[in-house]
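Student: Residues per chain are reported as follows:
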Amino acid sequence: MTLKTTFLGAAAALALTSGAALADPAIIFDLGGKFDKSFNESSYNGAERWKAETGGSYRDVELQSDAQREQALRRFAENGFNPIIMAGFSFATALETVAADFPDTKFAIIDMVVDAPNVRSVVFNEHEGSYLVGIAAAYAAEGDTVSFVGGMDIPLISKFACGYAQGFKSVKPEGEVIVNMTGTTPAAWNDPVKGGELTRAQKAAGSEVVFAAAGGTGLGVLQTAADEDMLAIGVDSNQNYLQPGHVLTSMVKRVDNAVYDAFMQGEDLETGIFVMGLANEGVGAAIDEYNEALITPEMKAAMDDATAKIISGEVVVHDYMSDETCPAY
Amino acid sequence: MNKMPKWADAVLIPLISILLAFFFSGLVIWAIGKDPVVAIKTMVQGAFGSTSGISYTLYYATNFIFTGLAVAVAYHARLFNIGGEGQAMLGGLGVTLVCLAVPWPHWTLALPAAMIGGALFGAAWAFIPAWLQAKRGSHIVITTIMFNYIGAALLGYLLTKVLKVPGSMLTESARFPEGAHLPNFSEILAPFGINFSPNAPANMAFFVALLCTFLFWILIWKTRLGYEIRAYGQSETAAKYAGINPSRIVIIAMLISGGLAGLMAINNVMGEAERLIDNAVEGAGFIGIAVALMGRNHPIGILLAALLFGFLYQGGAELSFWESIPRELVVVIQALVIMFTGALDNMVRMPLEKLFVALGKNKKKEA
Chain S
0 MTLKTTFLGA AAALALTSGA ALADPAIIFD LGGKFDKSFN ESSYNGAERW KAETGGSYRD
60 VELQSDAQRE QALRRFAENG FNPIIMAGFS FATALETVAA DFPDTKFAII DMVVDAPNVR
120 SVVFNEHEGS YLVGIAAAYA AEGDTVSFVG GMDIPLISKF ACGYAQGFKS VKPEGEVIVN
180 MTGTTPAAWN DPVKGGELTR AQKAAGSEVV FAAAGGTGLG VLQTAADEDM LAIGVDSNQN
240 YLQPGHVLTS MVKRVDNAVY DAFMQGEDLE TGIFVMGLAN EGVGAAIDEY NEALITPEMK
300 AAMDDATAKI ISGEVVVHDY MSDETCPAY
Chain L
0 MNKMPKWADA VLIPLISILL AFFFSGLVIW AIGKDPVVAI KTMVQGAFGS TSGISYTLYY
60 ATNFIFTGLA VAVAYHARLF NIGGEGQAML GGLGVTLVCL AVPWPHWTLA LPAAMIGGAL
120 FGAAWAFIPA WLQAKRGSHI VITTIMFNYI GAALLGYLLT KVLKVPGSML TESARFPEGA
180 HLPNFSEILA PFGINFSPNA PANMAFFVAL LCTFLFWILI WKTRLGYEIR AYGQSETAAK
240 YAGINPSRIV IIAMLISGGL AGLMAINNVM GEAERLIDNA VEGAGFIGIA VALMGRNHPI
300 GILLAALLFG FLYQGGAELS FWESIPRELV VVIQALVIMF TGALDNMVRM PLEKLFVALG
360 KNKKKEA
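Sequence lines, in order, name chains S and L. Residue 263 in numbering that gives the first Met the number 0 sits at position 264 of the first sequence; the count goes up by one each step and never skips. Residue 195 in numbering that gives the first Met the number 0 sits at position 196 of the second sequence; the count goes up by one each step and never skips.
Keep in mind the hints are simulated off the structure, nothing from the lab. Since the structure is predicted, the reported quantities are computational estimates derived from the model, not experimental observations. Think of the CB as a built atom: it goes at the ideal place given N, C-alpha and C, for glycine as much as any other residue. Among the clues, some could well be false.
As the list claims (entries may be wrong) - Among the chain S residues that face chain L by a calculated CB cut under 7 Å, a handful are:
1) Glu61
2) Ala66
3) Asn117
4) Leu155
5) Asn179
6) Met180
7) Thr270
8) Ser311
Claimed, not checked - Using 27 Å as the maximum straight-line C-alpha spacing, the simulated DSSO-like pairs for lysine-lysine come out as follows:
9) Lys33(L) - Lys193(S)
10) Lys193(S) - Lys163(L)
11) Lys299(S) - Lys202(S)
12) Lys50(S) - Lys33(S)
13) Lys36(S) - Lys50(S)
14) Lys5(L) - Lys239(L)
15) Lys362(L) - Lys33(S)
16) Lys36(S) - Lys193(S)
17) Lys299(S) - Lys171(S)
18) Lys50(S) - Lys5(L)
Stated by the list, open to error - Label pairs and their computed distance ranges (CB to CB):
19) Arg199(S) - Leu210(L): 53 to 59 Å
20) Phe47(L) - Gly271(S): 52 to 58 Å
21) Gly271(S) - Leu18(L): 33 to 39 Å
22) Ala173(L) - Tyr240(S): 41 to 47 Å
23) Glu52(S) - Phe23(L): 38 to 44 Å
24) Ile310(S) - Ile31(L): 45 to 51 Å
25) Val27(L) - Ile272(S): 43 to 49 Å
26) Tyr240(S) - Phe206(L): 40 to 46 Å
27) Tyr240(S) - Phe79(L): 36 to 42 Å
28) Pro182(L) - Ile310(S): 35 to 41 Å
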């Protein structure tokens, strides 16, 4: 009897707390965890910025297993959280079913397109930002060879590599871009040692600038580039400060802005496909006090020129994911 | 020598161990500034308070029953199979190949075929370490754990190069056809007028797990093969003297073990995900070791231990959803339970045994 009342009390308490949280937004981080110095952390920063500016509160969770994707989505939707943001493309399958079951809840997914009336799909023109850093690499390199270290071998990462190669070849058409992927499993996102080995091998093959689009693996690339006196290019968050003087620039992807915007709109979240590119500052090349000295005036001019031309549509950077081929390599 | 009564061995020791584990977990929760009572309530409510919660608990428990039984079969032959993880992964591959090969008209046909596929692949993955142990004396602990890594690498390769849907970024196979859909608890219970959450993962595989638990009991305690397995486990020399062929027992026990681990895939791959995803086993193979240890390698014990771990998994998920307790601490709590029930068994057992011996002596004196 007492046990039963305890349970009922607990149920009532739960119902009350979830009632109070009505219409708060929620964010679900991917398996990498929210402090990954890269993608998830960027979305966390966006949510925190919203919290600091509005004084609101939000619910977040880091998943432990794939089976929890749908569960977390459903539990948050059932308890009235709105909108619900997902950081990462792996949520697509779960979202497709859950979005249909909760037509009054708004969802936002980053890095993937899910076609449903109550879903905002935020995708980034990584190829445009990568094109810019490719130009920077071409000006920074004295010779004709630069390189790229990718994380897991998926089309998204080839999109970075392809944009980078196109930018580089727009300046040095006869040059060479060495492209290496760290692996074919998710472990490739967190293998800094192998990232370092690949960088060393690329240096031996003549590379002077290396662009790392590899999550945690990239930290090893940046470290090795500093050890071997090369230049590196960071990714996602601004990583210029990690190895000052050896990070030429970072191809930033403003995931934080995507989360911040979605939280700001709240329950009235506009749905549909939102493309974050150079034009709306969704991607770009980071310049700050850590890399100013490395950016020469003509490099800056060429990058600004390319930015203007991409925004105006004069230059179209080929998107690898549109046809899974790359004209530049 | 005086021994403890059976009920104390089977019930009292695990109970005390669990209570100790929960006590220390409570201390951990308290140390990070949360209320342990609220946390326990959230876990219990989350795991058993709704049909959806129950369904998740049973879903996880189903995984653990399969892997727990797998470890236990091998353990009766004194073989420590810690390759359940890899065998379950390969079982997932077998189930996937079966489900994708044929446009199945109905699950009643797809399920038996998938079971054969999963069990065959799991058993095949266990066969190599078993053969190496039986014929070459390579220690099974080393080989099975190494085969986990080989299995993970093999599946990673297949998922990125062969089974992946072209153009997709997700490392997963295509979705299984409709006909391979296993009814979940909602669909099973609807004809009986029972409402069950339609979107929760517990499915037909749970009943297969129960059936396997029963068959396990028959095999180990009611058949000649089970007798041979136990005899070999108790004493290899005695078994040899009795005319039991050790190589044969090692290989057969490991094949059954791997097959049971592979059968887990009908739950997580066929029942829940309905496609093969990377790292689909998510540690259930290792949890199986804890489940078997805690369940004393007895089917009833394994069933109860699997339920406990199902509760820990689902309750742990609810903890991180609602109490903002970081997932790392949820793992700490799970680890505490494993430590107290598995590794620190003697810590509870020794004093208890002494206590019972003392009690026994007193009684004799009185008599």
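Student: Work down the list of hints and note, for each, if the structure agrees.
Tutor: Hint-by-hint comparison with the structure:
no. : hint                              : in the structure
1   : Glu61                             : holds, 5 Å
2   : Ala66                             : holds, 6 Å
3   : Asn117                            : violated, 17 Å
4   : Leu155                            : holds, 5 Å
5   : Asn179                            : violated, 16 Å
6   : Met180                            : violated, 10 Å
7   : Thr270                            : violated, 22 Å
8   : Ser311                            : violated, 30 Å
9   : Lys33(L) - Lys193(S)              : violated, 40 Å
10  : Lys193(S) - Lys163(L)             : holds, 25 Å
11  : Lys299(S) - Lys202(S)             : holds, 25 Å
12  : Lys50(S) - Lys33(S)               : holds, 16 Å
13  : Lys36(S) - Lys50(S)               : holds, 20 Å
14  : Lys5(L) - Lys239(L)               : violated, 30 Å
15  : Lys362(L) - Lys33(S)              : violated, 61 Å
16  : Lys36(S) - Lys193(S)              : holds, 18 Å
17  : Lys299(S) - Lys171(S)             : holds, 16 Å
18  : Lys50(S) - Lys5(L)                : violated, 58 Å
19  : Arg199(S) - Leu210(L): 53 to 59 Å : holds, 56 Å
20  : Phe47(L) - Gly271(S): 52 to 58 Å  : violated, 41 Å
21  : Gly271(S) - Leu18(L): 33 to 39 Å  : violated, 54 Å
22  : Ala173(L) - Tyr240(S): 41 to 47 Å : holds, 43 Å
23  : Glu52(S) - Phe23(L): 38 to 44 Å   : holds, 41 Å
24  : Ile310(S) - Ile31(L): 45 to 51 Å  : holds, 48 Å
25  : Val27(L) - Ile272(S): 43 to 49 Å  : holds, 44 Å
26  : Tyr240(S) - Phe206(L): 40 to 46 Å : violated, 57 Å
27  : Tyr240(S) - Phe79(L): 36 to 42 Å  : violated, 49 Å
28  : Pro182(L) - Ile310(S): 35 to 41 Å : violated, 54 Å
Hints 3, 5, 6, 7, 8, 9, 14, 15, 18, 20, 21, 26, 27 and 28 from the earlier list are contradicted by this structure; the remaining hints agree with it.
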